[in-house]
Each structure stands twice: as structure tokens, then as C-alpha cells.
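Colleague: The primary structure of each chain is shown beneath.
2 protein chains.
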Amino acid sequence: MNTQAEIEDFILNGHKHYLSQVSIDCAIFGYHEQQLKLLLINNKFVDGWCLPGGYIKKTETLVEAANRIVMERTGIGNLFLQQFKVFGDPNRAKIEEFDEEKWVKLTGVRVTKDNWLIDQTISIGFYAITDFSRSDPQPDMMSDDCAWFDIDSLPQLEFDHDEMVKEAMHTIRVQLYHYPIGYNMLPEKFTLTEIHALYETLLGKKLDISNFPKKLIALGLLKKLDEKRSIGAHRSPHLYVFDKERYDQALKEGVMLG
Amino acid sequence: MNTQAEIEDFILNGHKHYLSQVSIDCAIFGYHEQQLKLLLINNKFVDGWCLPGGYIKKTETLVEAANRIVMERTGIGNLFLQQFKVFGDPNRAKIEEFDEEKWVKLTGVRVTKDNWLIDQTISIGFYAITDFSRSDPQPDMMSDDCAWFDIDSLPQLEFDHDEMVKEAMHTIRVQLYHYPIGYNMLPEKFTLTEIHALYETLLGKKLDISNFPKKLIALGLLKKLDEKRSIGAHRSPHLYVFDKERYDQALKEGVMLG
Chain A
1 MNTQAEIEDF ILNGHKHYLS QVSIDCAIFG YHEQQLKLLL INNKFVDGWC LPGGYIKKTE
61 TLVEAANRIV MERTGIGNLF LQQFKVFGDP NRAKIEEFDE EKWVKLTGVR VTKDNWLIDQ
121 TISIGFYAIT DFSRSDPQPD MMSDDCAWFD IDSLPQLEFD HDEMVKEAMH TIRVQLYHYP
181 IGYNMLPEKF TLTEIHALYE TLLGKKLDIS NFPKKLIALG LLKKLDEKRS IGAHRSPHLY
241 VFDKERYDQA LKEGVMLG
Chain B
1001 MNTQAEIEDF ILNGHKHYLS QVSIDCAIFG YHEQQLKLLL INNKFVDGWC LPGGYIKKTE
1061 TLVEAANRIV MERTGIGNLF LQQFKVFGDP NRAKIEEFDE EKWVKLTGVR VTKDNWLIDQ
1121 TISIGFYAIT DFSRSDPQPD MMSDDCAWFD IDSLPQLEFD HDEMVKEAMH TIRVQLYHYP
1181 IGYNMLPEKF TLTEIHALYE TLLGKKLDIS NFPKKLIALG LLKKLDEKRS IGAHRSPHLY
1241 VFDKERYDQA LKEGVMLG
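Top line first, the protein sequences correspond to chains A and B.
Numbering-wise (the working numbering), the first sequence opens with residue 1 and increments by one.
Numbering-wise (the working numbering), the second sequence opens with residue 1001 and increments by one.
One thing to keep in mind: the hints can contain errors.
Claimed, not checked - Lysine-lysine pairs mimicking BS3-like chemistry, simulated, CA-CA at most 27 Å apart:
1) A/57 <-> B/1206
2) A/16 <-> A/102
3) B/1113 <-> A/85
4) A/244 <-> B/1166
What the hints contain is simulated information worked out from the structure, not anything from laboratory work.
Just need the whole structure built from these sequences, with the hints factored in.
Modeller: Structure representation (C-alpha cells):
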């Protein structure tokens, strides 16, 4: 969606190819060396920061659409993408009165008030976690900037996107013990120090390291290997892997008890 | 939506009041004396069993729409309603070719192929748990039966509704340890025997009763009261309540560890 002809076609004919009353917004978290960041775009229409989002093609599944949106903004494909909540308050994304001249100025396209992009939308929130150091942020046609922000110093977001971020974090914190969320953040075999740092960063709090592995193993998340990594004289910590099979089993049967 | 005039208005003009590309389907579970049931409707168009569902008014929040749908089918309002997943496979609800005569026969209304009800939809799944003995099941305009089915002997469902039920059960089983799902199934103060029976029924498996309360208390779900219920000579079990405050705290901070 780069040329003016493509932009014009999307605005004027997009409703033939996309659903118009449902959108997707993505909370894309970036982790690298104990830092947690969130990807934001600067929306030209409201002149403020938002989560990256987009529409769903009539031929796509939801996760395909979310993957395409994440890929377009980060250059990274095939992430673990998880729905976290649907946002459907009728006033959730009300912007100012329809302003025909503003549309022309910002997009170069003259639209009418019944354009599909002006429809009321319900938005499906997806979250993803990736390594921000591997990404290449790209703005979309409705934005003029796309950048990573430290999770502790986010700007105030437009629409209901502050609530979206809160709900995404909440879901990650609950699901951290049920899904292999760390999968693509850690090497296949990792040390306790590595997973401990990841979990502390995602949860935003200190975790007692002496208790931490015991609990994760008791929950069936981790498997201790008969293997160590040599990282120096007298330093060869044990290696661990995620126990994917036990995850799936636990989810099927109900977790934690029994 | 009972008279023919109302049905006709809904079919011909509904798109002015409802979103047309998003619907809600509800997995309404019923619990009573260790039995678990699911509410189903018999859809006239496909002549098969489905979850009850409906559309979202342009002025409603999602949970208001879900509550209205549950109320219309069961007569019960204000349940704990929880989104569990959005279903958006482009082929998820494809029915046979549009058949104008069938529409006339089943609804008494002549519609064209571009009618809003024939649009491709994405569906938001909500679950609720209620006491089936208190409900009064009512079919909707598109169905000719509405009834409770034992969870262990469900008929095969139409569209993607088998998957919806599977995902709803899965979510309940995970969330059972994070949300006060039992709230409206148990008296405010309950015995261990009562909550044990509820959890066993919802999880569909036996739980060791000697271990069960210890784990629930450790997770911060239950509070033991200094109070007993007298149920006969030498029988006065301790009473428990849900610790709603600790639930909220645990969810905010990340559950279980730390």
C-alpha cells in the first residue's frame, strides 16, 4: 500500500475486499535484554499515538489478518499471535465530525461520509511478543511514524487503546503460566537465569529466583535437561526446555489441579 | 421479536440498527446438583442444533448485547458473561446457496441476495454459567426449539459451533482458577463439598478432596470463615467464601507466582 493509486483504491474500493465493521488492533511487545517495549504508530488523523491495526480481508482468517498486519509494521512473520479481547463500545473510536477537506489533505483522496472507513467498528485485540532488536518498524498509510516505546514511559494513546494495552498486559500475565509465551524470546535450550529475567520483565516485578524454577516445573511448564551450558570456569548452569506436550495436556484437562 | 410485522422489520431494516458483519454466539452452561448442561437452539434454516446467538445493536456494548441474547433465550439476566474467542474463518458459517423461496417459507418475508443477514460474519463467543433449573428456554425467530442438553450427550452442532463449545469449555477450565466463575452457582457461604462438586462437574473429572481446598486457598481463591453450617448431628462443616479482592489483586499482578 505505497503508491497513491493503491491508497486511492484501498479507500474507495476496500469494502469489496475487506470487512468494514470489524478491525484488528495489535499490541506488539518487544523484548530484548530485559527491556520491554511496545510498538506504536502516530495516526495522522488524530495526530496521536495508537496501536498498529488494520482490516480483515474477506478471504482471510483472523490470525492470518493479524499476522499480515504485524508483518507489515515490523517485517517479522509467524509470531505467536493471541486474541486477548474484543472492544465494542459504540463510542470507542469516535473521532471528530467527518471532515472531507482533512481527508483530501491527508490522503489525497476525496471521500464521502458513507465511505466504508467511516463505519463504526468493533476491534479484535491481538498480542504478540517479538525481539525488538530484529524488527524494522514501518508506518502505514494512515500514520507518519512507527516506533518502539519503553513500557514504563508510554505516551497517552488515542481512542480506547490505553485500555487495550492494559488488557493485553493482563492477558499475557495470566497466560504466561499456560502458554509457551517465551518460546520465541529464548533459545530452544535456556538457563534459569534467562527465563527468570524474561518472566520478571513481562510481569514487571521481581520474582524470588530460589522458588521460581520449582514452581514452573511443578506447573509442568519446564523440563530440566541432563545438559549444561559452559559459560566460564566453574560456571555451567543447567539447561531447560519448554514442555510443549505438557502445556497442551494441561490445557485440555484443566490446569494446575488434579 | 414475536409478531410477523416485527420479524419483517428485523429482516428488511435490521441493518440500520445492528452491525451486520459481526454476531455473538453464546455458550450458556447450566449447572444444577452436579449436572452440567448446555443450551441449544434448533435452527430452522439448516434444520440442526446450534448455540443461541444474535446481532449487536449499534448502540450496545458487546456485553450488553450478549446479556440481551442470554436473557431472551433463558429469561435470566445479569449473568457473569465472559468473551472466550472470536471466530472468523471465512468459511465458518457458509450455508447452502441463497434460496429465496426457502426464506419466504421459513420467515414469511421475501428477501434479496444482498440482504444484511446473508453477509459474511465474524462471531464473538461468550460463555455464561447459570442454574438451568431456574431458566425458561425460548426459541428465537430463526429456530423452532430451545432446550438444555447434557454436556456428555450433545448432538453434533452446525457451522463451527462444535469448535465454539470446545473453546468455551477450555476457557472455563483455565479461568476457573482466575475468575469467580462459581459465584452465581453457589450460595454466598458454601461448604467444601459444594464447591468441590461444582469444580469436579465443570472440569469433568475427579479431584482429590483432601488436596483440593489447600490448593484453592493457596491460590487465593477461597477464604475460610470462622463459621460452620449445621446439617445434622455431628455434621457441621466449615463455611467458605470467594475472596474477590484477592482475585482482582492476583489478576492485576500476575497470578500464582511471587
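Colleague: Mind checking the alpha carbons of residue 16 of chain A and residue 102 of chain A for me, to see if they're no more than 27 Å apart?
Modeller: With a Cα-Cα distance of about 24 Å, the restraint between residue 16 of chain A and residue 102 of chain A holds, given a limit of 27 Å.
Colleague: Checking one constraint from the list: CA of residue 57 of chain A to CA of residue 1206 of chain B, max 27 Å. Satisfied?
Modeller: With Cα atoms ~45 Å apart, residue 57 of chain A and residue 1206 of chain B exceed 27 Å; violated.
Colleague: For the pair we were handed, residue 1113 of chain B and residue 85 of chain A, check the Cα-Cα distance against 27 Å.
Modeller: Violated, because 32 Å separates the two Cα atoms, which is more than 27 Å.
Colleague: Between residue 244 of chain A and residue 1166 of chain B, is the straight-line Cα distance small enough, at 27 Å or below?
Modeller: holds (20 Å)
Violated hints for the displayed structure, listed by number in ascending order: 1, 3.
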